[in-house]
Amino acid sequence: MGCRTEPGYPPQGHMIEVAVGVCKHCIQPKPPRTHHCSETCHELVSGRMVQYLILVEFFVALAIVVGLLWLIYSHGKIISNGETSIEYYINLATAKKFAMRRKVYMNPYDFGWRKNWKSFLGIDDFRGDFFKKIIIPSVYQPNGDGLIWPFAFSLDELLPHVQRQT
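Mapped onto the UniProt record's numbering, the consecutive letters of the sequence shown carry residue numbers 1 to 166.
Calculated from the structure, these hints are not laboratory results. Since this is a predicted model, take the numbers as computed values, not measurements.
Pairs of lysine-lysine, BS3-like flavour, derived with a Cα cap of 30 angstroms:
| no. | residue 1 | residue 2 |
| --- | --- | --- |
| 1 | 115 | 132 |
| 2 | 96 | 77 |
| 3 | 77 | 132 |
Ranges between beta-carbon positions, derived for each pair:
| no. | residue 1 | residue 2 | range |
| --- | --- | --- | --- |
| 4 | 128 | 62 | 38 to 48 angstroms |
| 5 | 143 | 59 | 37 to 47 angstroms |
| 6 | 89 | 68 | 16 to 26 angstroms |
| 7 | 150 | 89 | 17 to 27 angstroms |
| 8 | 98 | 148 | 23 to 33 angstroms |
| 9 | 113 | 69 | 17 to 27 angstroms |
| 10 | 65 | 129 | 22 to 32 angstroms |
Cβ atoms here follow ideal geometry from the backbone N, Cα and C, with glycine treated the same way.
Work the whole structure out from these sequences, hints included.
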């Protein structure tokens, strides 16, 4: 969505009463508050374009802020559930299949939002580790080896729970 308006041109062929100087690019008298647009139209552009430029910048900045807030929210939700981005879609499809069978799907890596965030940030003791591992840039090793992940519950705990839901 956008609109195109003419930038306005200085009058040609007559003297400008209040000329600030001469344009370096086109060697014409330059009225106050104008500049040369060398990128697109190669003409002197007046201050009337500033309003449109500010509106465009405002709406672009607003779109970026809204997009970033949505990303922060969606990734915060994924981290709180102990999932990766791909696991989110896999778990969503699995939960729908379980719901059709009147069963409840439980994410095996969901330890609760607090433990999930601690695991994500790599902190054990919030007071001691927050400053050392979050605020100050460091090269600490994350928990685990990245290949084997602990489960939130064992299979023995899960089977009786699933059988009770039926």
